[in-house]
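S.K.: Protein chains in written order, with numbering that gives the first Met the number 0: chain A, 0 to 581; chain B, 0 to 157.
It should be emphasised that the hints constitute simulated quantities derived from the structure, not laboratory data. A portion of the hints provided could be inaccurate.
[Claimed, not checked] Lysine-lysine pairs mimicking DSSO-like chemistry, simulated, CA-CA at most 30 Å apart:
hint	chain 1	residue 1	chain 2	residue 2
1	B	K61	A	K307
2	B	K1	A	K130
3	A	K307	B	K1
4	B	K61	A	K181
5	A	K185	A	K130
6	B	K11	A	K1
7	B	K65	A	K285
Chain by chain, the residues run as shown.
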Amino acid sequence: MKLTGAKALVKSLEEEGVEILFGIPGGVMLPVFDALNDSKIRKILTRHEQGAAHAADGYARVTGRVGVCMATSGPGATNLVTGIANSYMDSIPMVAITGQVATNLIGTDAFQEADTTGITMPIVKHNYLIKDPADIADVVQEAFYIARTGRPGPVLIDLPVDVSRGELEYRRREQPLLRGYKPTIKGHKKQIRMAARAILESRSPVIYVGGGVINSGASLELKKLAEGNKIFVTHTLMGKGAFPESHRLSLGMLGMHGTRCSNYAICETDLIVAVGARFDDRITGKLSEFAPKATVVHIDIDPAEISKNVRAHIPIVGDCKQVLRELNLAIKEMSAEVASPDRREWSTLVLDWKKKYPLIYDKGSGLKPQYVVEKIYEVTKGNAIVCTEVGQNQMWAAQFYRMEKPRRFVSSGGLGTMGFGFPASIGAQLGCPKDLVFDIAGDGSFQMTMQEMATAVLEGTPVKVAILNNGYLGMVRQWQQLFYDRTYACTCLQREQNSPDFVALAEAFGAKGIRVEDPDMVEAAIVEAIEADCPVLMDFRVEPEENVYPMVAPGAPLYDMIGDMLYPVEKIHPEKAEEPFL
Amino acid sequence: MKHTLSVLVENKPGVLARVAELFARRGFNIESLAVGTTEKPDISRMTIVVDVEEHSLEQVRKQLHKLINVIEISDLDPDSSVARELVLAKIKVDAENRSEVIEIADIFRGNIIDVSRESIIVEVTGNASKLRAFEDLLKPYGIRELVRTGKVALPRGK
Numbered sequence: 000m001k002l003t004g005a006k007a008l009v010k011s012l013e014e015e016g017v018e019i020l021f022g023i024p025g026g027v028m029l030p031v032f033d034a035l036n037d038s039k040i041r042k043i044l045t046r047h048e049q050g051a052a053h054a055a056d057g058y059a060r061v062t063g064r065v066g067v068c069m070a071t072s073g074p075g076a077t078n079l080v081t082g083i084a085n086s087y088m089d090s091i092p093m094v095a096i097t098g099q100v101a102t103n104l105i106g107t108d109a110f111q112e113a114d115t116t117g118i119t120m121p122i123v124k125h126n127y128l129i130k131d132p133a134d135i136a137d138v139v140q141e142a143f144y145i146a147r148t149g150r151p152g153p154v155l156i157d158l159p160v161d162v163s164r165g166e167l168e169y170r171r172r173e174q175p176l177l178r179g180y181k182p183t184i185k186g187h188k189k190q191i192r193m194a195a196r197a198i199l200e201s202r203s204p205v206i207y208v209g210g211g212v213i214n215s216g217a218s219l220e221l222k223k224l225a226e227g228n229k230i231f232v233t234h235t236l237m238g239k240g241a242f243p244e245s246h247r248l249s250l251g252m253l254g255m256h257g258t259r260c261s262n263y264a265i266c267e268t269d270l271i272v273a274v275g276a277r278f279d280d281r282i283t284g285k286l287s288e289f290a291p292k293a294t295v296v297h298i299d300i301d302p303a304e305i306s307k308n309v310r311a312h313i314p315i316v317g318d319c320k321q322v323l324r325e326l327n328l329a330i331k332e333m334s335a336e337v338a339s340p341d342r343r344e345w346s347t348l349v350l351d352w353k354k355k356y357p358l359i360y361d362k363g364s365g366l367k368p369q370y371v372v373e374k375i376y377e378v379t380k381g382n383a384i385v386c387t388e389v390g391q392n393q394m395w396a397a398q399f400y401r402m403e404k405p406r407r408f409v410s411s412g413g414l415g416t417m418g419f420g421f422p423a424s425i426g427a428q429l430g431c432p433k434d435l436v437f438d439i440a441g442d443g444s445f446q447m448t449m450q451e452m453a454t455a456v457l458e459g460t461p462v463k464v465a466i467l468n469n470g471y472l473g474m475v476r477q478w479q480q481l482f483y484d485r486t487y488a489c490t491c492l493q494r495e496q497n498s499p500d501f502v503a504l505a506e507a508f509g510a511k512g513i514r515v516e517d518p519d520m521v522e523a524a525i526v527e528a529i530e531a532d533c534p535v536l537m538d539f540r541v542e543p544e545e546n547v548y549p550m551v552a553p554g555a556p557l558y559d560m561i562g563d564m565l566y567p568v569e570k571i572h573p574e575k576a577e578e579p580f581l
Numbered sequence: 000m001k002h003t004l005s006v007l008v009e010n011k012p013g014v015l016a017r018v019a020e021l022f023a024r025r026g027f028n029i030e031s032l033a034v035g036t037t038e039k040p041d042i043s044r045m046t047i048v049v050d051v052e053e054h055s056l057e058q059v060r061k062q063l064h065k066l067i068n069v070i071e072i073s074d075l076d077p078d079s080s081v082a083r084e085l086v087l088a089k090i091k092v093d094a095e096n097r098s099e100v101i102e103i104a105d106i107f108r109g110n111i112i113d114v115s116r117e118s119i120i121v122e123v124t125g126n127a128s129k130l131r132a133f134e135d136l137l138k139p140y141g142i143r144e145l146v147r148t149g150k151v152a153l154p155r156g157k
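Produce the complete structure using the sequences and hints provided.
M.R.: Here is the structure:
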């Protein structure tokens, strides 16, 4: 069957089961969008390419499918870059397709030419520049295969306009042909038995889970491991929802803004079972004092993560779900022959920390951001999909919106991309049309991608944006308060007048705007937002100088937590913050 | 410590850029890199010399493995592999010392591949220490220009 390159691309996308894509056309993408016009694939026209990438990312996180975004050459492609880097850092499956100038113009600094494959090389799992129309079907097939298998990640396809105009005989391979790509799925038997023994012999074990558990769909196996052996579970931001947070064994999040009980448990444990997590600096704090007493079992599909930051004593490379299943079996087999020590002392200790140090805040005067998040949790009964922006809003959402299920919490973890949450919420809503989707936002973050409100209105995605509006780039301001003598250099977003007026802004877009200044009005506003069948922007005018606590100062060890109610702010010693970095 | 990595890669455009970019991004230094086709036209071999500690070497190997176009990586043990490098050196000579330089080149089994009134170009192959010795001996005459291919290596036997 003879097809044009553009038609072959669309056909290949359909064969991959793509139902929706996000993007913006442009000169060199005209053939592709023309071909797409006849396709059943739903096209979501965003207002900025960054929005398209984040929406595809949000869609991928909640559905587990590969997100697809498209942009034209040059600025279209460079605008995608932040979104691609974001999904790379969080291991989210995505295929980004960019237009390119005609092959005979490549390298001539032609109009809207950029070296897209060169620019994106460090932030993709793989990328392609197609020079022959005959390669299109194979490349698309390989791209989707690479994006969703192994450790997932973004793959970019750069498509010159003459290639999409060219002709080819369409045929599709049974299997992609990738000689150098064979992810390890099954864990090593001997290593798994060693891990099983270590777990049985441990006096004070902790399971530390990351996004890998969600990517591999290993929540059931994880629950079995934790419950079957009565092991406490702490999670990273990316691992939120992998294990039910209301569970007696859940300690909540660990790290910089984690719970005291999580961080104390890590400091005292004799065995860390790390599952699909990568010991990021926001998790470990001061590396040399991280988990000093612990043997480390590290389960990860990416061998390069093993012993990258923290030495793994028992590494197991493989898919989390498969490895955990085998680990549970091995424990069952070995439990008769290995004597387990008494763990009662450890349980008492950890449960005591959990009781003594809950996440708290001063409910005193004014409207507290934590209170807003708590109310959203209450009203939605914990059943909403929650997207977040980045900064204080993100940490409060992580702390106060408990998640019971995976793929419900959508947040930019590794890259920390402000402006991610809102477009991601549109993608999430399109992926889960029946669910209630919230974006817990800050006024700073929201302003980075707020033009997507037009997309949300026109595409009929009734996302509920709750802006915790403190008039600051709040997290940076918090660091300035704590480590830079309260010099608020360039973090204040508002002056004599408040700009923008978010309610008027929402209305200008055709969405609904609600302003809330009084704590007593919070609940009614949330209910009103949920009842509206359009996008809603809630402008919560919260306490401007509220901080996220507890906090491990950058470079400090995990036990050195500052600033929750037991330790008033005045007691914080800025000199404790070694190697401050942002 | 220096390690010689022999890396088989798919012979596709941009592979060298991917490898070079990976080293740069992860902060590993490349001492030398030589690349060329193998007996199979669709596969190239890169011989990369890196100067890293054991832990970093592990990271280099694992990160390289993540590149889709990388097929196989081996860390060549100097005892069970052979390695060669080629040097072209343009040496300043005059009528008086030309024969001396040619004699030195002979000792190193070098070839004279260009002769002019003021200089000659010598080609020498060997391992790193031989080439260093060769260079040291010729320095007093004046090395005008010098180029080396970087190390290429193969494991011995089968």
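S.K.: Against this structure, judge whether each hint is valid.
M.R.: Taking the hints in turn, this is what the structure says about them:
1. Taking the CA atoms of K61 (chain B) and K307 (chain A), the gap is about 10 Å. The hint holds against a cut of 30 Å.
2. Distance restraint check for K1 (chain B) and K130 (chain A): the Cα-Cα separation of roughly 39 Å exceeds the 30 Å cut-off, and the hinted pair is therefore not satisfied.
3. The hinted pair formed by K307 (chain A) and K1 (chain B) meets the criterion: a straight-line CA distance of about 20 Å does not exceed 30 Å.
4. Simply put, K61 (chain B) and K181 (chain A) have alpha-carbon atoms about 13 Å apart, close enough for the 30 Å limit, and the pair holds.
5. For the given pair, K185 (chain A) sits about 37 Å from K130 (chain A) by alpha-carbon distance, which is inconsistent with the 30 Å threshold.
6. A hinted pair counts as satisfied when its Cα atoms are at most 30 Å apart, and K11 (chain B) with K1 (chain A) qualifies at roughly 26 Å.
7. Restraint check: the Cα-Cα separation between K65 (chain B) and K285 (chain A) comes to about 28 Å, which is no more than 30 Å; the hinted pair holds.
Hint compliance for this structure: hints 2 and 5 are broken, all remaining hints hold.
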